[in-house]
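Asker: These protein sequences, in sequence, are chains A and B. Residue 91 in the UniProt record's numbering sits at position 91 of the first sequence, with consecutive numbering throughout. Residue 173 in the UniProt record's numbering sits at position 173 of the second sequence, with consecutive numbering throughout.
Please keep in mind that the hints were generated in silico from the structure rather than gathered at the bench. Errors might be hidden in some of the hints.
Sample of chain A residues at the chain B side, in silico, Cβ under 10 Å [as the list claims (entries may be wrong)]:
id	residue
1	H10
2	V84
3	F103
4	A205
5	T208
6	L212
7	R215
Note that CB positions come from ideal geometry on N, CA and C, so glycine has one too.
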Amino acid sequence: MRILVVEDDHIISDGLRAGLAMSGATVDCVATCADADAALAASRFGAVVLDLMLPDGSGLDVLRSLRGRGDRTPVLLLTARDAVADRIAGLDGGADDYLSKPFDLDELSARIRAVVRRASGRAAASLEHGGIRLDPGTLTVTVDGATVTVSRREFMVLAALMERPSVLRSKSELEDRLYGWQEEIESNAVEVHIHNLRAKIGKHAIETVRGLGYRMRAVA
Amino acid sequence: MKSLRVRLFAILLLATGLIWLSAMAWIYLGSRREVERVLDNRLQEAARMVSSLVGAVGGPDSDGTPRTFQAPMSYERQLSCQIWSIDGRMVARSSGAPERRLSDAPAGFSEREVDGETWRVFTVEEPEKGVRVMVGDRLGLRERLVTDLIMGLLAPALLIVPLLGLLIWVSLGRGLRPLRLMARNLAARDADDMSPIDAALAPTEVRPLAAALNALFLKVEAARRHERDVTAFAAHELRTPLTGLKTQAQVALAATDPDVTRAALRQIMAAVDRTAHLVRQLLDAARLDAATEARPLTDVELGALVTETVRTMRTPPGIRTVIDPELRGFTIRGDPDSLRLAVRNLHENAVQHMETGTIEWGRRPEGGGVFVRDEGPGIPDEELPHVTKRFFRGRHKSATGSGLGLAIAELASRRSGLSLQLRNRSDRPGLEAEIFRG
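The shape of chain A in the complex, shown without the other chains (with noise of 0.2 Å):
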């Protein structure tokens, strides 16, 4: 999943990078309210960490327009006040969720996961497709119950696609989800993912749709 960290601090957003990385998630950080809304149009985020306090206004700004154009990607606001005013305009303002700093690491990730959760309409915290089980909180996959080891790209790949398995998700899709702005992409680094993901969960768990993209097979 790709997340927007929007956060003038730089020690902060560079460990946000850092561990959101480490439970599967691509970043990319701005620091400014226009850097943010320069980003949030031009690229789409499976959720945005917005602090309120940005040097060039308020965080609730940026979320007021996201939503305003009709975005509706999950937004989990930061908060350095304990004010209890600024969280309720968070809220109000089409925040999905809060956090105040100082916060915990992995309580952020578990509040990121559970807000793109509850956008895409799952109750259940893991995605199930015809035997193969992946589990957002511990970057685990289990097929038929026997677990499988996959690389951090790899689970970002298969989660694209178990989210809505049926859907198609084409290869410039996927490279967005998996790679930042700074990354170099290698031409055909999906190819490599979606060759080993066959290797490791089932010859023909994934289907190539030729020139459009890739989805999960039907389950029969």
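Since chain A is already given, all that's left is putting chain B on it; use the hints.
Answerer: Then chain B, alone, in the frame of chain A:
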């Protein structure tokens, strides 16, 4: 004297006593004069009366001894009368009168010592009758008369003084009751109760005190509000580096890649440095706030102060610091500790907002004072009035700033009775800060 009541009592009693004493002295002197006048008149009258009788008395007895006669009135204890012939023989004397001649004066008043007593004598000369009539009384008696009079006045006064004292003491107690009431109300207050005293209820004399107390309450309340605000801001400002620390620490703990761990640890070091810096600035600000009494101002040599202060600070390799040699030997009146703090924070602010370039310290062209110019982005004009507020962080905020540096610089300048002025450079982007007396 600690007690207002005792003090007032002493003053009132002393004043009353003094007035009383002067009144006594006046009465004494006045009475003596009056007594003297009355008694002199009596002497005169008595002498004339006797002399008018002399014709009937006639010459001395045939045997030559002076006759004694009963004075017409019962004067014997006070007045004595002698009748002498012009040629110097005593013709007659009243009973109890001394035998020695009372006066040598031919006529009128005179005084003379006879038998150890001073006599005041009035002499009437009757040349046609050939006699001198002398009537006198003893001055000692006169004195006793006046003393008795004064004693008669003094005795009741001495009895009254303790009564008067008691009355003054009780009245003072009643008069000072509003003060006591106010004190009791104040003493019964909660430490947090900063509501003003109702000055209208206080007596006129105490009203300035009540007003001063109310003003003090306002000041204390403002100081406490300020303290609360600063504490809240400080807590907020400390949360950011703490959040960074915690996040990076969790990354370092969870990471399996040693490169990630090392990077996280480096960030932790940076966050600790920043937190330490913030804590130092909070302490500096608190210390400046706490220094309520004015520090003694001395002549501070600015060249040495700036050079010393800048030398102890870490400046990144891309930044050059130039200190105008004109600053050497140039002094400004101020508190050296506060000035050092101001210089350090201004320099730090400049360093934080520059990647590369020159920081220039120099002497203000007009009047006394020192300036520092940097080559950073400057401060947007609309933010200039706010940047010296605590924890204000503008658009060009630096990654490591705390929002306290310029506030400390301003506060520290004020502690030396100096002003801090910030403006954007006219020749190029950058901030120019000046410390001067004005």
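Asker: Evaluate each hint against the coordinates.
Answerer: A quick look at each hint next to the structure:
1. H10: holds, 5 Å
2. V84: violated, 14 Å
3. F103: This interface hint holds because 7 Å falls under the 10 Å limit.
4. A205: violated, 27 Å
5. T208: With a closest approach of 32 Å, the A/T208 hint is violated.
6. L212: Violated, because the Cβ-Cβ distance from A/L212 to chain B comes to roughly 36 Å (cut-off 10 Å).
7. R215: This hint is violated: A/R215 lies away from chain B, its Cβ roughly 32 Å from the closest one there, beyond 10 Å.
Hints 2, 4, 5, 6 and 7 from the earlier list are contradicted by this structure; the remaining hints agree with it.
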